[in-house]
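K.L.:
Use the sequences and the hints to build the structure in full.
Protein chains: 2
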Amino acid sequence: MNQEIRDYSKRLLDSDGFQGCSEKKYTKRLNKLRAELMKVQRKLQDSASPIVIIIAGFDGAGKGQAIQLLNEWLDARDLSTHSFWDLSDEAIQRPHFWRYWDALPRRGKISIWFGGWYSEPLIEGVHKQSNQNKLGERLESIRRQEEALAADGAVILKFWFHLSKEEQEQRLRHLYENPKEHWRAMSDDWKHHSLYERFESVAASMMEQTHDSRCPWFFVPSADLYERNLTFASLLSQSLEKVVGEEGSDPRLKNPRTVAYAPSPYRALAEVDLEQRLARDVYETQLVEAQSRLHRLFWTAYERRISTALVFEGWDAAGKGGAIRRATAAIDPRLFRIVQIGPPTLEEHSYHYLWRFWRDLPRDGRITIFDRSWYGRVLVERIEGYASDGEWQRAYAEINEFENEITGHGTVLLKFWLHISKEKQLNRFRSREEIAYKQHKITDEDWRNRERWDDYETAVNDMVAFTGGGDSPWTLIAGNNKRFARIQTIETICNCLERVIKKKG
Amino acid sequence: MNQEIRDYSKRLLDSDGFQGCSEKKYTKRLNKLRAELMKVQRKLQDSASPIVIIIAGFDGAGKGQAIQLLNEWLDARDLSTHSFWDLSDEAIQRPHFWRYWDALPRRGKISIWFGGWYSEPLIEGVHKQSNQNKLGERLESIRRQEEALAADGAVILKFWFHLSKEEQEQRLRHLYENPKEHWRAMSDDWKHHSLYERFESVAASMMEQTHDSRCPWFFVPSADLYERNLTFASLLSQSLEKVVGEEGSDPRLKNPRTVAYAPSPYRALAEVDLEQRLARDVYETQLVEAQSRLHRLFWTAYERRISTALVFEGWDAAGKGGAIRRATAAIDPRLFRIVQIGPPTLEEHSYHYLWRFWRDLPRDGRITIFDRSWYGRVLVERIEGYASDGEWQRAYAEINEFENEITGHGTVLLKFWLHISKEKQLNRFRSREEIAYKQHKITDEDWRNRERWDDYETAVNDMVAFTGGGDSPWTLIAGNNKRFARIQTIETICNCLERVIKKKG
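These protein sequence lines are chains A and B, in that order. To get this note's numbering, take the position in the first sequence, counting from 1, and add 213. To get this note's numbering, take the position in the second sequence, counting from 1, and add 213.
Each hint should be verified, as a subset may be incorrect.
When chains are identical, the list treats them as one kind, so a pair holds in a single copy or across two.
[Stated by the list, open to error] In the SDA-like style, the derived pairs of lysine to any residue whose C-alpha atoms are separated by at most 25 angstroms in a straight line are:
#1 LYS637 <-> GLU670
#2 LYS654 <-> SER452
#3 LYS322 <-> SER293
#4 LYS252 <-> PRO557
#5 LYS256 <-> GLU561
#6 LYS322 <-> PRO557
#7 LYS635 <-> GLU249
#8 LYS252 <-> VAL552
#9 LYS322 <-> GLU561
#10 LYS404 <-> GLY598
#11 LYS238 <-> ILE648
#12 LYS252 <-> ARG572
#13 LYS237 <-> SER586
#14 LYS322 <-> TYR566
#15 LYS252 <-> ALA649
#16 LYS341 <-> GLU658
#17 LYS635 <-> ASN674
#18 LYS322 <-> ARG572
#19 LYS237 <-> ALA649
#20 LYS223 <-> ASP425
#21 LYS322 <-> ALA649
#22 LYS256 <-> HIS653
Keep in mind that the hints were calculated from the coordinates and are not lab data.
P.N.:
See the structure below:
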């Protein structure tokens, strides 16, 4: 099985391994390794790298014990363990990867995943619930998740606890024949044993497809307890040393994933007809009708368990707030949640930039309204230099991947850019300054942003061009006339919901 | 209805109210109030007070609109809205108040609760699902929750949107006859209207029982939109001004809830026989048997949806970690979670001290193991002065209340104090210093704590005496012999689980 991965582990071990170790030698070496682990974990605390340890392998190889050992060897305060089993509906009713993003550690902390995102593809592959193609696709989407996390500094260490078929049989026999150990055995063990070869072959191609220097697979021979524990502790300690050794320079800067970037030739904003407007009386009639329709449609969506994510971006003073309020006025407050996105908090900053948006995705039947969103990465963070060139340039692909996961789950995703002319913005800034309760809405930052209008225009055109494909197109709203913008927004939502509901039958 | 509460609101309004206001006057006053609200909210950010706004009242009075207005008037970034409806199993499978603690704001932030913890008692009272006594008890437990939060600085503002029976009828008729507004009407509205008198009487006694200066009820006449909105905005703005005005001095210190405290005469620790021990061979046989029993029992508990919270406290070096590991070695890792409690993080500090423990309570069928716990309040925080006298002295009652909620839900709660002699501790400290991977386990703090042994002894005896009643007694474990301690711990858990499982049939 996977000679390359076996060799990778061997090279790191820097010895012939720990075969045939005596108890005395075992205790001595393990104690040394534990001291090293404690030391490297302490150094890790200041690191920009979150660490995920995935424990996988054959039944009977001691995965549960490995997790116990980790909790014993490491300071459990910087550790959390996750098993993704018997999930709550908070997880089930959201896009698949939500459960894993929810279990990510902060920078400098460690999460241990029991099987992690490899459990399902492995089991489904073995039981042929997914064919070769589908399995390949699932693994590819896992690979892309790991790649995105790694680019942000994460290290994902994946351990395969291995037994040969004979060793597995011996181990299971021992468990069943030894009354003291009997309770450790699981009912599925023998069934899985009879599928050993299939397990091995699916696991081999799984590892091959997802092995990478920042997200490596390690091979842990598990027939002999001493050898298993020493190999595991040693590989872990070496890998963490490597992470700590790289520090000083931020791993996010050291590992730039370069992507080809050239400004998009497609100038979406120029095509918006800003002259469109609605008279007040027409507006008032249409508003009540559109709101009434929206109200009904979102209840139907709730009944059909369809969730919706609405993204609102736009120029300062383009009327985002007003458009959102006209829509939400018609939605039962129990169904929706508005998430106002500002600069990341200290906590949010200690995770991947998409983490806070994953968290806020709606459960089935619910609605999340993002007042600004993950697009900050390619707008303000790009313009102001909060994100490096590499970061915002690869963000288009990361965002497309993220949105594919959202729409792949069946969530309706609509994205609005509220567009106004530069002159209209000036008028609105001035009139805001005159109204007491609106003064907080206009700040020096708004004026500064305005000076960079052209840069933003390029960024918006790029954004629309690079992230407008697939199942989540952009809607550019002509916002010079607020009445027109509000009706267009609500009707766009209604039309899309109607289509989705009809399609679902 | 509640003249006292009507008068309370009136006094705060400092005017005759806003009856019969013209549109022009309305706009002018509202704009002024909005500017005031924005200002006071900004000042609130530095406050130690979390603010909860509860919106309750008659159907048709505009509770949903009130929530919309709040989101318009206030900076939504420091605001979150919660409706406690169609709850996820994360909430349903935990003690009742978990959902509300989960929705508490941080200090300086605002949470808006749609009905909050008053919805259920109100509806059940009206439909006579709970008799007078049971309703009284429920309200009393709400009152105690509010009292505990208020003592920690929270302010809970409760608004009752009121309509007379005639006004409600008019409002509903308007909604049903006006096609534009029809969608705002709810199917239960008329049914509730026919129960108006009952609603009013249950609401009146509810308000009476839970009105308090830090958790006041406000009366908002809601037949006239202008009057309603101005009254609401004005009462809110005045109340927040009061909170901000109190600041400078920490409200937690300013509002000490004094309780009678005298050290307990009951010296629980002295009664532990520290001579108890187990020979190694007896231990090894018993351990395997006890672990096997524990393994089975926790699976049975899982199947019966019984949750368990295990609390481990004890002297430094008493063997907490070892006892926990011997227990967890026998529990399926998918069933339990260990929570290591250290000093509160910055985030945890911005909530009530019980908040983090509420969050970590297990779902039905699961196990949370607290390695140290909320008892830090009456141990280290008492001894080191991190909690004021008032704080730790009233903590006994708060903890009893908290634990009543846990056991009232059906969660098994077991609390262990691992006891050792002062000499035994010294021996263990010394031998820890000699083992490389255990050196991190012995710090200067441990030696300092040791110097305060007598103070801790008093605190432990008080803790056992004041929090050992009810359904969550303390088990004091004789820990001088680790083998004895480990077996006693596992067997105590087993015996208790067996009893509970038998009782549940």
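K.L.:
Next, verify each hint and record whether it holds.
P.N.:
Now the hints, each set against the structure:
In this assembly of identical chains, LYS637 and GLU670 lie within 25 angstroms of each other by CA distance solely inside one copy; the values are 15 angstroms within and 72 angstroms between copies. In this assembly of identical chains, the alpha carbons of LYS654 and SER452 lie at most 25 angstroms apart only when taken from different copies (24 angstroms versus 49 angstroms within one copy). Taking the shortest Cα distances, LYS322 and SER293 sit within 25 angstroms of each other inside one copy (9 angstroms), while across copies they are farther apart (28 angstroms). Taking the shortest Cα distances, LYS252 and PRO557 sit within 25 angstroms of each other only across copies (23 angstroms), while inside one copy they are farther apart (31 angstroms).
In this assembly of identical chains, LYS256 and GLU561 lie within 25 angstroms of each other by CA distance both inside one copy and across copies; the values are 22 angstroms within and 24 angstroms between. In this assembly of identical chains, LYS322 and PRO557 lie within 25 angstroms of each other by CA distance both inside one copy and across copies; the values are 19 angstroms within and 17 angstroms between. For the homomeric pair LYS635 and GLU249, neither the shortest alpha-carbon distance inside one copy (60 angstroms) nor that between copies (31 angstroms) is at most 25 angstroms. Taking the closest pair of Cα atoms, LYS252 and VAL552 come within 25 angstroms of each other only across two copies (22 angstroms); inside a single copy the shortest separation is 40 angstroms, beyond that limit.
With identical chains, the CA atoms of LYS322 and GLU561 are at most 25 angstroms apart both within one copy (14 angstroms) and between copies (17 angstroms). Proximity of LYS404 and GLY598 under a CA criterion of 25 angstroms is satisfied in neither setting, with 56 angstroms inside one chain copy and 59 angstroms between copies. With identical chains, the CA atoms of LYS238 and ILE648 are at most 25 angstroms apart between copies only, with a shortest distance of 16 angstroms across copies and 79 angstroms within one. Taking CA atoms no more than 25 angstroms apart as the test, LYS252 paired with ARG572 passes in neither setting, with 33 angstroms inside one copy and 31 angstroms between copies.
In this assembly of identical chains, the alpha carbons of LYS237 and SER586 never lie at most 25 angstroms apart, being 58 angstroms within a copy and 38 angstroms across copies at closest. In the homo-oligomer, the alpha carbons of LYS322 and TYR566 lie at most 25 angstroms apart both inside one protomer (17 angstroms) and across protomers (24 angstroms), since each shortest distance falls under that limit. Taking the shortest Cα distances, LYS252 and ALA649 sit within 25 angstroms of each other only across copies (10 angstroms), while inside one copy they are farther apart (57 angstroms). For the identical chains of this complex, LYS341 and GLU658 are neighbours neither inside a copy (57 angstroms) nor across copies (57 angstroms), given an alpha-carbon limit of 25 angstroms.
With identical chains, the CA atoms of LYS635 and ASN674 are at most 25 angstroms apart within one copy only, with a shortest distance of 16 angstroms there and 72 angstroms across copies. In the homo-oligomer, the alpha carbons of LYS322 and ARG572 lie at most 25 angstroms apart both inside one protomer (19 angstroms) and across protomers (20 angstroms), since each shortest distance falls under that limit. When the C-alpha separation of LYS237 and ALA649 is checked against a cutoff of 25 angstroms, the pair qualifies only between copies, where the shortest distance is 16 angstroms, while the shortest distance within a copy is 78 angstroms. When the C-alpha separation of LYS223 and ASP425 is checked against a cutoff of 25 angstroms, the pair qualifies only within one copy, where the shortest distance is 16 angstroms, while the shortest distance between copies is 69 angstroms.
For the identical chains of this complex, LYS322 and ALA649 are inter-copy neighbours only, at 23 angstroms across copies versus 46 angstroms inside a copy, given an alpha-carbon limit of 25 angstroms. Proximity of LYS256 to HIS653 under the C-alpha cut-off of 25 angstroms is restricted to the inter-copy arrangement: shortest distance 13 angstroms between copies versus 44 angstroms within a copy.
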